[in-house]
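Novice: So the protein sequences, as listed, match chains A and B.
The working numbering numbers the first residue of the first sequence as 1 and each following residue consecutively.
The working numbering numbers the first residue of the second sequence as 1001 and each following residue consecutively.
Calculated directly from the structure, the hints in this document are not laboratory data.
It cannot be assumed that every hint is accurate.
A few chain A residues that face chain B, going by a derived Cβ cut-off under 8 Å, partial list only [said to hold, decoys possible]:
{"hint": "1", "residue": "Thr88"}
{"hint": "2", "residue": "Glu98"}
{"hint": "3", "residue": "Gln112"}
{"hint": "4", "residue": "Val113"}
{"hint": "5", "residue": "Val115"}
As the structure is a computational prediction, the values presented were derived from the model and not from experiment.
C-beta atoms are modelled at their ideal positions from N, C-alpha and C, and glycine is treated no differently.
There are 2 protein chains.
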Amino acid sequence: MRTHELVLQWIEKQLSDGDLTLGGRLPGERAMAEQLQVSRTSVREAVRILEAMGVVRAGVGSGKDAGTVVIAEPGSALGSTLRLHVATRHLPVADIVETRVLLESWAAERAQVGVPALEEAAALLDQMDEASDIDTFLALDARFHVALAQAAGNSVVSAMMASLRGAIENYASTLTENLPDWNATSTRLRAEHRAILNAVNNNDGGTAARLVAAHIQGFYKEAGVGNNPSPK
Amino acid sequence: MRTHELVLQWIEKQLSDGDLTLGGRLPGERAMAEQLQVSRTSVREAVRILEAMGVVRAGVGSGKDAGTVVIAEPGSALGSTLRLHVATRHLPVADIVETRVLLESWAAERAQVGVPALEEAAALLDQMDEASDIDTFLALDARFHVALAQAAGNSVVSAMMASLRGAIENYASTLTENLPDWNATSTRLRAEHRAILNAVNNNDGGTAARLVAAHIQGFYKEAGVGNNPSPK
DNA sequence: ATTACAGTGTGGTTAGACCACAGACTCTCA
DNA sequence: TGAGAGTCTGTGGTCTAACCACACTGTAAT
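Taking the hints into account, I'd like the entire structure generated from these sequences.
Specialist: Structure below.
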């Protein structure tokens, strides 16, 4: 077993045992190195991996943002991983879109009325009405979908949803260049968003799920993702 | 931007541009360091991250298994990430199980008859009939479920399925100790597996999906995962 | 009291050395 | 001529020891 894996194992144990909790600080790299009788290099490699996994955040200096702190950001971490694999051409974008449809439909169907995430979603829609440039619109759109997914209350689904969206974010941005008429498209997307949110708030999960699926597939189809996700 | 992130960016570009493909070798660490004008340490940190993401595999020595090679194993990488987050107690096991049900039901419904993965699944069932100890059985069980998911032909869903299963592998192993009668349970599980596979082979996706959902929920419920996944 | 500055501890980076490993090569000897 | 032993080379794995930038903390000078 490689040295940095030993460090990883040790840290994972600290987490499992509850000795290290969210917001907690890891010992300094030099201290850990001495405690585990390994070099600082190996400690750093382990920390790098945890950072890539979204489990810790490293900050220099001193004070509140300094040191290596335990966080919980599985979404962005999974997103980076998926993005890299898309780059290797072994995760087709069509499969990602299809999976998004699957997860978001499920979440829309089970979204619970009254949770804070839904209020945030509504606020985001208002902001989108005033967004002028495309990138701002897309960023708000991403947050809206994530908020909607959160309303279902399953953190794994939320994280995966966010990661899928993140993995193809640049891709989606590029796609908009293919659109014949962005104004028309954005107007349609905004209307669809309202309809989805209304269905959710009316406790009509089935309709919400169908609308979400059509919404996502419609966008990528119009923007020209060659492959058509298998129809439900 | 930190140095190792620069290296990561460079490698990702090589992948995107197709200069680096599956099975291909990265330049040696020393060569990359010189080419990018950074230290070997920084190159190594980048490689460690890619390794954690399941994008490359590092091997010492010389010959076919040596050097840093591009692979495509998103499943195990995502699994490690999820496992760590479970350790931080911010991804409840119940949510993972629920997501498994979601993904596997979907996959079972769309599994295509005749693909190699289904033949492998059938072979695994035969092996499970002869498996004596629990851990062997569970390992085969995991492979069966992954094979079933692969039959749907969506690589993202397959990878996520595998990762979810991997994230709670140890957990599942521990759970079996809670079972009152392993022989009875394993007999039931085997019968359920056969029924699922039969439904798939009869092109009865709806039934297959229902059976899979019941199969997974039943196991965790019997084994005592407190939380009950929200009913469909 | 306010300000300037040195001190301290954090992660970030580097250079250079040595190790174990595994295949390729070469030399020796039967 | 063939087989075996020994050497060479290049890979990643690890370690040490230094230096940097940063951000707060305490202290001393004004």
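Novice: Please go over all the hints and tell whether each is borne out by the structure.
Specialist: Status of the hints after comparison with the structure:
The criterion of a C-beta within 8 Å of any C-beta in chain B is met by threonine 88/A, whose closest approach is roughly 5 Å, and the hint holds. Because the smallest distance between the Cβ of glutamate 98/A and any Cβ of chain B comes to about 6 Å, under 8 Å, the interface hint for this residue holds. A cut of 8 Å between beta carbons decides the hint on glutamine 112/A: the least distance to chain B is about 10 Å, and the hint is violated. A hinted interface residue such as valine 113/A counts as satisfied when its beta carbon comes closer than 8 Å to some beta carbon of chain B; here the least separation is about 15 Å, so the hint is violated.
Interface hint at valine 115/A: violated, since its Cβ lies 14 Å from the closest Cβ of chain B, which is beyond the 8 Å cut-off.
Of the hints listed earlier, those the structure fails to meet are numbers 3, 4, 5, in rising order.
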